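Going down the list, the sequences are from chains A and B. Quick note on numbering: the first sequence equals residues 0 to 114 in numbering that gives the first Met the number 0. Quick note on numbering: the second sequence equals residues 0 to 411 in numbering that gives the first Met the number 0.
These are calculated hints, taken from the structure and not from any lab test. Each hint should be verified, as a subset may be incorrect.
As the list claims (entries may be wrong) - Covered by chain B, according to a simulated footprint, are these stretches of chain A (three or more residues, beta-carbon under 8 Å):
#1 2-8
#2 86-99
What the hints assert, rightly or not - DEER-style ranges, computed between Cβ atoms:
#3 163/B / 107/A: 55 to 61 Å
#4 49/A / 268/B: 41 to 47 Å
#5 72/A / 77/B: 27 to 33 Å
The structure displayed is predicted, hence computed values, not measured ones. Glycine included, each C-beta is placed from N, C-alpha and C at the ideal position.
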Amino acid sequence: MKEFMLIFIGSDYATLGLSPEQMQERMGKWFAWNTKMREQGVIKVGDALHPHGRRVTGENRTVTDGPFAESKEIIGGFYIVKATDYDGAIDIAQDYPDYDLGGTVEIREVLDYGN
Amino acid sequence: MSDKLIDHLFRHQFGKMVSILTKIFGFDHLETIEDAVQDTFIQAMRSWQNAIPENPEAWLTAASKNRVIDIFRSIKAEKNRTTKLNIQPDSTTLDELFLDHEIEDSQLRMIFTACHPRLDPRDQIAFSLRTISGFSIKEIAAALLIPHDTIKKRLQRSRKMIASENIEFEIPIGQELPTRIDRVLEVIYVIFNEGFHSNKKEMVTRKELCGEAIRLGKLILKKPEIRLPKVNALFALMCFHSARLDSKVNANNVLINLSQQDRSKWYFPLIMLGNEAMNQAVQSTDDFSSYHYEAAIASEHLRAPTFEATNWKSIAKWYEQLLQLQYSAYTQLNLAIVYLQLNDLDKAKANLDKINPQDLAQKIFYLFATKAEYYYLLKNQIESIRHIDLALAKVVNDSERQYFEEKKKSYL
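Pulled out of the complex, with its shape left as it was, chain B reads as follows:
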């Protein structure tokens, strides 16, 4: 008898069971399915108080399987229902459907459905966290810092859309796959970044979102047919970033700049996992995605034993290539910052000048702060103070404000 359950077992099991039951009963019955799965956890809560079973996961799977007949009956009992069901719940088909690889496939089907191009991008994230990751509405709202009712609406809208557009519950194949998987990777990366860049005080929430994104990435990597190099690259990137998660903020939740981070806190096993994925990502392909370059940059940082030993030249090279592949004002800004590290003020200036401030929207304070640093290195104190003040006027996050205030002191 184990005395503790695997972290998030219920949450992940929820995603698995909802997926497989959706495969059986279809999206029309998603709510009935979610209720039924929820009920198996309540059963577990009651029966596991005195002893946790030998194999909790198998117990839950079996309990969900037993629900199939109940769901079948309750659907049939609904008035005027003429919905055709994919299967008859006879035991042999059922046993096959509840095999591990079938459950994994159903989860992948759910991921591709959740990230279907016809759904609104904002709805895709909420719907993924609900149906695949087993978050409650409240938990999604808390993690994304979005009002409860908005999340509720997004979930309803995506359900309606899936039903009305008759979006098929399938893993795309052939020509459709590369574009469909791009959207899946984007959604996973957004979920990851929500965690990684979150302003939330609780470290736990942040880790949960990052962990969830990594879990989804791992799920896709399990299936050879969809294991494209860019999936490995994104997976590596998320591992590299996550390895630094504990050293990113101090005990008071103040952001610690990369140069000040305690590198001994970086989590080695994740770096190893990332390296492994990165090797896979570059094997037999020269078609590099943005994730490839971003992972390469992250890995350069991890490779440096101290901040001073960072190979900025190599990082500048990766940023240049990333810019060519996919323009983003943020990439350009990062490249300018790298040139500041290299003390190449001309190149830094050239990159800063190319940025259209409007592209940075509310994050414009990063541009001001970078310019402040540029003028500081140029020994132009007036301009450096002027720019750090501009940054301070626009920044919203407390810990970033604190960081800029420290900077200002150093310029005086």
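Next comes chain A alone, as it looks inside the complex:
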């Protein structure tokens, strides 16, 4: 088994003008996906992220406040999942709920120094 990080890139929810009902519905989908992955035992860790943050850059350790990316390309969260290969990870990513909102899942294999 390998580990993959699923990185969710998309619009900040706050800018999409979703109605309360739509938000509840979307949250239900996230929750269902999470539950499914837990039941299958494929999920290692994962969380949603606040859209803004801080950035420390350069030799002077300059701190800047977010947002850093285009509002449509915000990293909204991540999961680390277990799968045999990329195909397995892509399978898992099928249930990501925000494709219809223009969201993207970037999949990156976690380097395993043990091998």
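Since the structure of chain A is already known, use the hints to place chain B on it.
Structure of chain B alone, referenced to chain A:
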């Protein structure tokens, strides 16, 4: 940990929070308030992905409460603002304001404001669905089959009106109450009927509007001071109608006539709830409202085990009394239909003759269809076909057209 949220939790919570925050900050800041409440849902979306909290409602309430300080600051920060705020956000007053009964009262204040006689009746509905029921503009537009921009304008107009007329955010008391509550009940009933008679394909939309109207009715019934008999009567009426919602159309969204409906699909718990409210509605009053009679009629239909067993005599009696209380061409038409069921063609004719076709406006095809049926029972085939053709020429709704076409076949 619960694995599923109560249906429409966010939507209803939106109404609650906007109401209580309006009580605190006033209508001038409605937009800031709506944004802040919206933001608590976004917070919830992020933090509930992995686990839904034990008590989601309390979580959201607490999150909105924490927003008070933010809203307070952002209002103060606005340039040249001299607006007086009702409260200072110290924690004891705040805790009191966020108690359940205070939240309920604020929702009622919002309902009475939304249905204030100074607002345009069309604006009242849009504004109620937005601020009390938490519908988005898009959802209101879809539910009412009205363009998005029109709804937007109606919302803006009502907000402006509330501000410019200084409409107070209060539950009316004393002499003012009966007339003010009439308008509230009318708005609730319109919302209900929009759902119940909707042409929309999706059953979901229809149920949402009916459910929302029932929820608003329930909210008013919770408060003894405004729990008038007619509130119970309207509540009973909506329960009775809703019980039949699933049997009204078939899988292809074709309207099923009452005589053909599968009565085993009627939803018993709603009938029980309606009966209970009806008992309350008639207790210690003989001042019956139109809702009383309409509920009585609906309950006669529900009581009949088959269409043939319907007590038409009793229904005719209720319609006669309803007509006396409040004239409506539709009531008169319904009464004519009941007499057709009773095979009392003379009385049916007498009622049909009294109807001024103009009163029915675009719904005139109902009159034609009823006359067609009358002539059919009179064995006058030419006139019955002529009238059903008139009905077919005016009908707009596909499923009703289909129904009339079936009728025509049976007349041939």
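Now for the hints, and whether the structure bears them out:
| no. | hint | verdict |
| --- | --- | --- |
| 1 | 2-8 | violated (count 0) |
| 2 | 86-99 | violated (count 0) |
| 3 | 163/B / 107/A: 55 to 61 Å | 57 Å, holds |
| 4 | 49/A / 268/B: 41 to 47 Å | 43 Å, holds |
| 5 | 72/A / 77/B: 27 to 33 Å | 32 Å, holds |
When held up to the earlier numbered hints, the structure conflicts with 1, 2 and fits the remainder.
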